[in-house]
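Protein chains: 2
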Amino acid sequence: MGTRHIDSDSADVNNRKRLQNESKAGSSVAKLRDIAASAGVTIATASRSLSGAYGVNAATRERVLEVAARLHYRPNRFARGLVTGRSQIIGLIISDIRNPFFADVARGAEDAAFAAGSDVVLCNSDLNSERQKRYIHSLMEKNVDGIIMNSITALDRPEQNRLAESGVPVVLLNSHERNSPFSTVLADNVRGGWLAAEYLSNLGHRRFAHLSGPGRHGNLSMRAKGFLQYLRKPGSDASASVLHGGHTFEGGYEVARKLLPDRNEITAIFAANDAMAFGVLKAAIELGVRIPEDVSLVGFDDVELASIAHPPLTTIHQAKYELGQAAVDMLLAARSGKQTAPEHRVLGVHLVERKSAAKVRS
Amino acid sequence: MGTRHIDSDSADVNNRKRLQNESKAGSSVAKLRDIAASAGVTIATASRSLSGAYGVNAATRERVLEVAARLHYRPNRFARGLVTGRSQIIGLIISDIRNPFFADVARGAEDAAFAAGSDVVLCNSDLNSERQKRYIHSLMEKNVDGIIMNSITALDRPEQNRLAESGVPVVLLNSHERNSPFSTVLADNVRGGWLAAEYLSNLGHRRFAHLSGPGRHGNLSMRAKGFLQYLRKPGSDASASVLHGGHTFEGGYEVARKLLPDRNEITAIFAANDAMAFGVLKAAIELGVRIPEDVSLVGFDDVELASIAHPPLTTIHQAKYELGQAAVDMLLAARSGKQTAPEHRVLGVHLVERKSAAKVRS
DNA sequence: CTGAAAGCGCTAACAG
DNA sequence: CTGTTAGCGCTTTCAG
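Each protein sequence line maps, in turn, to chains U and F. Numbering-wise (this note's numbering), the first sequence opens with residue 1 and increments by one. Numbering-wise (this note's numbering), the second sequence opens with residue 363 and increments by one.
Think of the hints as simulated: they come from the structure by calculation, not from any bench. A hint or two may mislead.
Said to hold, decoys possible - Pairs of lysine to any residue residues, derived as SDA-like cross-links and limited to a Cα-Cα distance of at most 25 Å, are as follows: (1) U:133 to F:392; (2) F:393 to U:85; (3) U:133 to F:441; (4) F:721 to U:285; (5) U:133 to U:217; (6) F:717 to U:312; (7) F:717 to F:656; (8) U:31 to F:717.
To be verified - If you want the footprint, here are the derived chain F segments under chain U, 3+ residues with CB under 8 Å: (9) 435-442; (10) 448-458; (11) 461-475; (12) 480-493; (13) 704-716.
Each residue gets a CB set at the ideal place from its N, CA and C atoms; glycine is no exception.
From just these sequences and the hints, can you work out the full model?
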């Protein structure tokens with residue numbers, strides 16, 4: 001029944017194949033079959049030798065490895081991924097890699113992934129929901145081993161559910177909603193806010209302004225919360241006004257331009273992140289307000305620039321690189337350990353004392 | 363000949379398959395076969411409908427598309443890649459994403475890739491040859507459509523040749539060696555150096571120091587070249603000393619700490635990049651040297667920070683984002699157009715006048 | 001315009 | 001310890 005002319009058939013096939021290969025930019029990639037033949041074993045044995053699986057004669061394996069090296073054999077990840085269902089790829093969806101905070105996180109994530117033999121694909125969402133959705137779909141098509149996202153709020157409910165049900169491990173970099181199915185890893189933002197308040201209070205300040213982000217922004221809100229929590233302790237005579245603006249350099253600049261000229265007894269400012277603090281710095285210079293002589297300033301993040309700013313910025317340090325590292329560790333653990341319950345990690349913070357805050361003038 | 367019990371055979375197979383699928387974290391992914399069945403066509407027709415290929419009845423296609431959408435069908439990229447040999451993945455190998463320059467490039471590259479439906483995998487090499495080699499191998503296993511590298515010099519000759527022969531399009535972000543097989547895209551570094559010299563000369567400066575990178579660093583050397591070229595024009599009475607150091611903030615700082623105290627008539631400094639210029643800024647503040655009153659300073663790159671530094675840095679602007687964009691455009695063009703000859707693009711530069719350079723004091 | 005069938009290169013049972 | 005074999009999910013001739 002048509003299974004006769006095996007020889008001529010396979011000859012045809014081989015012909016077609018060769019042609020294809022040659023047209024493929026001359027890439028004469030050695031395939032498993034080639035090294036198997038060259039080593040005088042079947043491709044199964046070759047595969048086993050290379051995958052490091054047990055059950056292979058040491059000498060045989062040696063021979064295979066030798067041939068593979070000589071032929072510069074590179075396994076085809078697609079073929080492997082197709083059968084194993086694993087991709088060795090991790091998706092990293094952040095707002096914008098140009099934000100130094102995310103660059104740090106990305107580097108931490110990439111280093112951890114590299115160590116584990118995985119790749120990370122970079123996605124800049126700008127927190128735009130359409131983009132974010134496309135990224136997630138694209139990543140799932142690639143069977144990624146996991147996804148790291150700085151925030152999932154841009155996604156609508158059904159989309160979130162579908163992601164959760166897909167079984168792909170997800171780690172979020174901002175605060176989780178109660179019983180969300182996703183893991184999270186983030187700095188102790190509340191404590192950071194608290195530390196800033198405590199430090200400034202100990203310096204004698206009593207009238208504060210806190211520059212926060214626009215409305216509800218998970219992490220920034222937590223910082224405000226901790227800050228106010230300290231100031232509103234029983235018996236405290238401190239007062240603080242919270243000003244909302246963009247969580248960027250420009251945002252901080254604009255708010256400060258309005259605030260600084262008529263600051264009404266305010267002697268200390270806590271900016272929700274360093275970028276905003278730099279905006280305050282710029283506005284202060286322009287307006288002739290001296291920092292820290294006239295106003296003390298504390299930031300949050302401890303980006304590299306903080307130490308070289310003028311004056312060097314006192315700020316709350318959060319472990320950005322470690323955040324990225326931890327995120328991929330969690331992803332990989334979730335993958336291998338069949339871990340089903342989401343995990344939540346909180347990294348410590350501490351205040352880095354530099355020159356932008358000083359004792360209140362008596 | 364064993365082709366009898368088709369029914370029971372396929373039943374077995376299906377059983378095994380179902381089990382596998384279920385164990386796979388409950389991911390009930392719709393496969394092409396499912397949507398084909400659901401639409402009452404064969405998977406061939408389904409495939410054609412979805413791939414947008416011609417030769418499908420409009421109504422049929424419509425039906426397939428509808429079913430696919432309803433079932434949230436996502437093609438498996440591995441399966442597709444395995445047969446097409448294309449991955450829709452671009453590799454980006456840079457020194458360190460935390461360097462703002464590369465962050466800009468990366469964003470440009472990612473945006474261009476996103477627009478073309480491709481992903482970019484991020485690789486931080488630190489210019490370390492072992493890491494770079496591993497990245498390249500890993501990328502080739504993934505059949506990437508192309509690779510962008512900031513420099514290939516960390517690779518030894520044989521490795522470079524193998525890369526070239528593999529047929530994977532490569533775009534370098536630094537100057538090419540004569541008849542290198544790789545494409546390049548970079549800013550007009552020579553002209554940038556020239557512009558810096560011209561600007562400072564017009565301000566009346568005659569004694570210069572140029573802070574360059576360590577020894578031969580492609581792009582930085584070109585900047586030095588352009589700078590010196592201008593100053594050494596016939597009839598010029600200018601003189602310049604070139605100082606080598608690390609091409610980083612620390613590098614600039616250290617060199618400046620030595621240079622500034624006893625600067626011996628030097629009134630203007632040209633730093634090979636902004637990071638080094640910031641190092642100079644810091645050293646100047648510490649040493650009580652005023653910029654631009656005592657010494658003028660010009661940088662190169664125009665990173666975001668340049669505009670908010672104190673004083674705002676006059677610098678040579680290069681189109682970092684566009685560099686990344688152009689690189690992936692070139693990659694994609696090379697892929698589709700079967701373009702064989704390497705392409706070389708040079709992007710323009712211009713000087714951005716801010717506050718760190720001023721007329722020489724008479 | 002649509003169906004049947006042959007693989008892409010590799011892994012993973014299952015036998016031997 | 002090693003060989004056989006059945007696919008992973010999709011694209012792509014080749015027939016009809």
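If any of the earlier hints don't hold here, list their numbers in rising order. Numbers 8 and 13 - these are the hints that the structure violates, sorted from lowest upward.
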